[in-house]
Amino acid sequence: MLMGVYSLLTASFFVLMDAVDVAFTEAAVGAGISTILMVTVLSMAGRFENRQLHHPRIALFVVLITGVMLVYGTFDMPAFGDLNAPVQTHVAPYYLQQSAQDIDIPNVVTSVLASYRGFDTFGEVVVVFTAVIGVLAMLEFSRKPDTTGDEPAPMYQHKILRIVGKILIPPIMLFALYVQFHGEYGPGGGFQAGVIFAAAIILHAMLFGVESTRKAVSMPVVKVLAAVGVLIYGSVGVVAMLNGGRFLEYNALAENPITGQHVGIIIIELGVGITVATAMMLIFLTFARRVGKANGDSA
Amino acid sequence: MNFLEQYNYWIVIILMMSGFYIVIAHGNLIKKMIGLTVFQTSVFILYISMSKVTAGTAPILNEAYKVYSNPLPHVLILTAIVVGIATTALGLALVVRIKEAYGSVEEDLIQEKDLQQEGSE
Chain A
0 MLMGVYSLLT ASFFVLMDAV DVAFTEAAVG AGISTILMVT VLSMAGRFEN
50 RQLHHPRIAL FVVLITGVML VYGTFDMPAF GDLNAPVQTH VAPYYLQQSA
100 QDIDIPNVVT SVLASYRGFD TFGEVVVVFT AVIGVLAMLE FSRKPDTTGD
150 EPAPMYQHKI LRIVGKILIP PIMLFALYVQ FHGEYGPGGG FQAGVIFAAA
200 IILHAMLFGV ESTRKAVSMP VVKVLAAVGV LIYGSVGVVA MLNGGRFLEY
250 NALAENPITG QHVGIIIIEL GVGITVATAM MLIFLTFARR VGKANGDSA
Chain B
0 MNFLEQYNYW IVIILMMSGF YIVIAHGNLI KKMIGLTVFQ TSVFILYISM
50 SKVTAGTAPI LNEAYKVYSN PLPHVLILTA IVVGIATTAL GLALVVRIKE
100 AYGSVEEDLI QEKDLQQEGS E
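Residue numbers (numbering that gives the first Met the number 0), protein chains in the order written: chain A, 0 to 298; chain B, 0 to 120.
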């Protein structure tokens with residue numbers, strides 16, 4: 000629980016520091032998904048830890064020394080909010096001044112993410128995809144026979160939770176779609192939409208049980224979709240190459256370079272959204288089933 | 000004196016060192032993962048605080064504003080958060096497998112079992 004509060008605090012920090020896009024993501028990922036994952040794993044591993052620490056004095060000493068050295072290092076750093084800091088004087092002014100002419104969408108974060116640094120973002124999406132493959136490889140396939148029955152979810156008897164949750168799920172999904180397709184004009188985009196959408200599915204799983212959610216969203220389809228998202232992103236790059244541009248050069252996608260940019264950005268954001276949403280869903284559903292099974296065996 | 004102008008870095012350092020301490024001092028693997036998450040968040044805050052400009056606003060272009068905060072760190076951290084949760088999940092998956100194989104998530108006990116196994120072979 001404390002983790003959730005911590006993440007929500009971090010998210011509000013980000014809003015204060017004008018990073019609305021980042022705050023969005025942190026609120027959904029940190030306060031929602033990562034807290035739930037931690038709690039799921041904790042429920043399996045037991046609440047209490049071995050109180051013995053490893054040489055706490057030495058550890059504290061190392062930490063203090065490192066901390067002091069880092070603080071010493073900050074004396075050369077520019078002040079908080081300084082307009083003339085090195086960070087602000089290299090590529091950032093270019094992005095802020097040129098993106099209106101190059102790409103013509105108001106949200107500079109989206110244009111940097113999807114267009115100027117599209118290659119980088121492609122890499123990130125592939126990393127997320129690879130992590131999902133790793134989780135699936137480690138947790139999805141079990142040598143034990145599948146013995147889980149159709150027992151009702153633990154939350155099922157809470158009528159209020161069930162009904163309120165049921166009402167909330169569709170608006171959350173709708174909001175995710177809004178964030179997805181409005182990402183060019185306001186804060187939002189594929190990454191944020193993906194995690195919000197996944198949060199709705201996770202809510203469903205908590206209310207109605209993991210097995211029923213796995214049936215409702217159809218696991219094989221979700222697995223395929225995770226790959227399709229990466230494929231969409233990559234194919235935009237290849238199509239740009241076939242049209243005579245370089246990989247992920249959206250200007251080549253249409254007659255008018257600006258239109259090309261818009262088309263490219265919308266399509267790759269869609270790819271990102273699909274991969275991120277399905278990735279988060281897969282991670283949670285695999286964890287929850289595995290851990291639920293382990294708890295059932297030991298009980 | 001401009002000592003207090005760098006308080007953002009000090010907050011980051013405090014968070015970072017708390018995470019670091021948890022990672023090295025605790026034997027519980029889940030605690031270690033939580034420590035790593037705290038450490039990770041401190042890095043996020045470091046980047047975002049660097050991108051802030053006094054009197055600036057969120058980098059969404061509008062006629063009414065002249066000064067914007069730096070969009071580049073936002074992009075880097077935005078993706079880093081999502082990648083971070085994916086890699087954390089991978090780490091937790093490893094923890095789950097270790098728990099299943101050894102029946103414990105405490106480093107000492109795991110090491111003991113390993114040594115016993117080597118002795119019996």
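Since the hints were made in silico from the structure, they are not lab data.
We put the CB at the ideal spot given by N, CA and C, even for glycine.
Check each hint, because a few of them may be wrong.
Computed from the model, here is a short list of chain B residues facing chain A with C-beta under 8 angstroms [claimed, not checked]: (1) Leu-77; (2) Ala-88; (3) Lys-98.
* List, from low to high, the hint numbers that the structure doesn't satisfy. => none
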